[in-house]
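> Here is how the chains run, residue by residue.
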Amino acid sequence: MSGLFSTFNTAVKGLNAQQTALSTSSNNISNANTEGYSRQRVELKEDITYEIAGVGRMGTGVKIEDVVRTVDGLVDYQIRNENSTLNQYSAKSDVMSQLEAVFNEPSDSGVNASIGEMFNAWQQLSNNPESSGAKIVVVEKSMTLADNVNQMAAQLDQLKDDTVSNLEKNVFDVNSTVEQLKTVNDQIFNIAIKGESPNNLLDQRDLLMKQLSGLADCTGSFDKWGRANVTLGGKDITAKDAAYTLSTVSELADNGDGTWTARIAAGGDTANMKEIQLSAADAGNILAGSPVYYTEGSPGSIVPADITSGKIGGNLSALDEIDARTADLNSFTTELARMANKAYNPEGTAGKDFFAFSDETNQNAMNFMVNQEIQEDESLVSTGAGSSPAAGDGSKALAIANLRNSTDTASGATLEGSYSKIVTKVGVSTEHASNMVNTHEAVMEQLQSRRDSVSGVSIDEEVTNIIQYQRSFEANSRVINVLSEMLDTLINKTGA
Amino acid sequence: MRITNSGITRNFIKNISKNQAQVQKYQNQLSSGKEISKPSDNPMLVSKIMNLDNTIKENEQYKETIGAAMDWTNTADGSLSNATDALQRIRELVVQGSNGTLSDSDRSAIAEEVKTLSAQLADDLNTKFDGRYIFGGQKTTDAPFSVNNGVMEYNGDTKDVERQIASNVTVAIPSNGGDITETTGTSSMDNEKLGALLNNIAKALNNGDTKALSGDLLGDLDKHLDNVVGFRSKMGAVYNRLDVAGQRNETENMNMTELLSSIQDVDIAEKTIEYTNMSAVYQASLSSGAKILQTSLLDYIR
Numbered sequence: 001m002s003g004l005f006s007t008f009n010t011a012v013k014g015l016n017a018q019q020t021a022l023s024t025s026s027n028n029i030s031n032a033n034t035e036g037y038s039r040q041r042v043e044l045k046e047d048i049t050y051e052i053a054g055v056g057r058m059g060t061g062v063k064i065e066d067v068v069r070t071v072d073g074l075v076d077y078q079i080r081n082e083n084s085t086l087n088q089y090s091a092k093s094d095v096m097s098q099l100e101a102v103f104n105e106p107s108d109s110g111v112n113a114s115i116g117e118m119f120n121a122w123q124q125l126s127n128n129p130e131s132s133g134a135k136i137v138v139v140e141k142s143m144t145l146a147d148n149v150n151q152m153a154a155q156l157d158q159l160k161d162d163t164v165s166n167l168e169k170n171v172f173d174v175n176s177t178v179e180q181l182k183t184v185n186d187q188i189f190n191i192a193i194k195g196e197s198p199n200n201l202l203d204q205r206d207l208l209m210k211q212l213s214g215l216a217d218c219t220g221s222f223d224k225w226g227r228a229n230v231t232l233g234g235k236d237i238t239a240k241d242a243a244y245t246l247s248t249v250s251e252l253a254d255n256g257d258g259t260w261t262a263r264i265a266a267g268g269d270t271a272n273m274k275e276i277q278l279s280a281a282d283a284g285n286i287l288a289g290s291p292v293y294y295t296e297g298s299p300g301s302i303v304p305a306d307i308t309s310g311k312i313g314g315n316l317s318a319l320d321e322i323d324a325r326t327a328d329l330n331s332f333t334t335e336l337a338r339m340a341n342k343a344y345n346p347e348g349t350a351g352k353d354f355f356a357f358s359d360e361t362n363q364n365a366m367n368f369m370v371n372q373e374i375q376e377d378e379s380l381v382s383t384g385a386g387s388s389p390a391a392g393d394g395s396k397a398l399a400i401a402n403l404r405n406s407t408d409t410a411s412g413a414t415l416e417g418s419y420s421k422i423v424t425k426v427g428v429s430t431e432h433a434s435n436m437v438n439t440h441e442a443v444m445e446q447l448q449s450r451r452d453s454v455s456g457v458s459i460d461e462e463v464t465n466i467i468q469y470q471r472s473f474e475a476n477s478r479v480i481n482v483l484s485e486m487l488d489t490l491i492n493k494t495g496a
Numbered sequence: 001m002r003i004t005n006s007g008i009t010r011n012f013i014k015n016i017s018k019n020q021a022q023v024q025k026y027q028n029q030l031s032s033g034k035e036i037s038k039p040s041d042n043p044m045l046v047s048k049i050m051n052l053d054n055t056i057k058e059n060e061q062y063k064e065t066i067g068a069a070m071d072w073t074n075t076a077d078g079s080l081s082n083a084t085d086a087l088q089r090i091r092e093l094v095v096q097g098s099n100g101t102l103s104d105s106d107r108s109a110i111a112e113e114v115k116t117l118s119a120q121l122a123d124d125l126n127t128k129f130d131g132r133y134i135f136g137g138q139k140t141t142d143a144p145f146s147v148n149n150g151v152m153e154y155n156g157d158t159k160d161v162e163r164q165i166a167s168n169v170t171v172a173i174p175s176n177g178g179d180i181t182e183t184t185g186t187s188s189m190d191n192e193k194l195g196a197l198l199n200n201i202a203k204a205l206n207n208g209d210t211k212a213l214s215g216d217l218l219g220d221l222d223k224h225l226d227n228v229v230g231f232r233s234k235m236g237a238v239y240n241r242l243d244v245a246g247q248r249n250e251t252e253n254m255n256m257t258e259l260l261s262s263i264q265d266v267d268i269a270e271k272t273i274e275y276t277n278m279s280a281v282y283q284a285s286l287s288s289g290a291k292i293l294q295t296s297l298l299d300y301i302r
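If you're matching them up, the sequences are chains W and G in order. Numbering follows this note's numbering, with no gaps: position 14 of the first sequence is 14. Numbering follows this note's numbering, with no gaps: position 78 of the second sequence is 78.
The hints are simulated quantities; they were obtained by calculation from the structure and are not laboratory data. Treat the hints with care, as some may be off.
[To be verified] Using 30 Å as the maximum straight-line C-alpha spacing, the simulated DSBU-like pairs for lysine-lysine come out as follows:
1) G:Lys-34 <-> W:Lys-421
2) G:Lys-34 <-> W:Lys-169
3) W:Lys-160 <-> G:Lys-25
Being a predicted model, the structure only gives us computed values, none of them experimental.
Put together the whole structure using the sequences plus the hints.
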């Protein structure tokens, strides 16, 4: 037979359980907009029962089993993977849209228009070989083209530098996220070992891992305490006291004697630069911007980190794109100069070319220019064939004007065609990156909805729960009230 | 599926920004009037646009060249017409001078006129167009014809001036003055040159050599007249060729401009409707979002 006093206990347990549940609901509501928060739920269980002979097993009320967070580990895993891919393409798309802006086509003032105008000027000169005005126009239009190309090359160079700095920053972010993750791991262990559930820390852990997955492709696993082990670029990055740090190659310079000097931003920190000598073979594995694992020492050593996804992967692939288009622009420029000079100076007399490079041993789009002598004196422009052509001979100017339709280039396309091919390549890559962003955003959206559906807080739901808990609290109080009255009857009103 | 507040908010923001981006895209196309503003809008079309831009530019240059060349040939035709008139007048004088009844003084007066006409002929052939001598071959900056001791001489070179009127099409404008004043099949080597012939005619007039005047000299003069007329018709043929090329150029230009426009220009009516549609969608998403986001169960209990 259960006593009235023990029923008091049952009611008090009910009060406590409802209060705890209410407090959990309240916590859910206040964290409804917290990033990475997983909704928590109080798990209630019936408390131990005891046997009353001849009656059966009697309950002793409710017991708070645990406060659990509702998560779907699979969705979190999928989100991390998707986040890597999404960030890869969105980082690439960012850089590519800048690259596209450098080329600035179709436009009336871009390189394409400059080429057309230059050839028109030569054509005009071929009609008026006697005219110094036509010569001035040729030189001006050619200089405009050279300026446009120079400027484009400088912008490409700047964009490359910016992307390398982005990579340094990304690597720095990876390291600081990993530091936080290591701290959270320790805290999780300290709590979990006591048999408690570190809900908020697990949320933090998941959020940090998501951030990490946005920076680089990484694989994570959890031990029995809930600590995360993350492998990134082929190395365990959460390992305690690791000798290596993820770092960025800031610069790579050829020493000219078969060795290379790499300047490493250790940990992605540009204030912490290290210099390392490399063999040509080792240098071939990395580029400026490459992420590497740097091990301190004298001399220190590096191992390339294999990262293809996340922001780092996206920036690396954009860097490849910039390098390839810079090379395209360089070969377009040298090809233009070669063809024009062949027509202008068929004998190849030194210093009498029309186009020149301020550094002849390293001809590129950056140092492409109109021969300095011609810039200073337009009358030097020769229009006719041979050594002493007649004043009305515009055949040389016409030959240059006709280069616009010549396919006698290394690529077999016309000059204008090979330039528009570069622009098309930029356009296709940019379009691809931005399409991929759209696709993966949709997938990410889907996964986020799934996560929201499982772990998100619904205010309506919480409010309903609160009402339920409130009613339950009231009912338990009522039980206490009734018990009190019963005791009053028993103690004060009987046996008088 | 549980629907949560943060999910609704995220979805709302995502959709709003998507719609906004679309509205902005249409707005941009409408205000620039161009369907395509950057390579990634449509990489293949952009390369086509760039190609068309330059072909049109090239064609416009040809148009200018053709126009200038036509003016050139017109000027040339005018001066050749003057030259023909002068030669006709000389022929009349030769026929007149070969009349045996004329006195010596009459003939020497005629000889004087022939000399004057011959100098005038040189002047006619020294015509300039746009500051350049048109009958000096490619030596366009020096006067091609001069008169030394009453004999007109050619000092230009033998190359015609060439003009490119279309891609890989060049036309040679007859400008070798030597072709005008030299012919073959005359009675003597000397008379192959118009200057020498005119000088011989003046001499024959002064000497009263009526036989030569009515015979060889008149025949040679006719040959030269034929030659000049032939040269003039060559000039006319070039003019016609330029004219045809000019018309073709214009047609091509129009076709290409039309093609370019159809590729890159916005169809205003179509785009305006798309824009209106999109902005209606945008506004609908704004207003529905504003209503849904405000409400919760709390609005209905107590």
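> Taking each numbered hint in turn, which are not upheld by the structure, reported in ascending numerical order?
2
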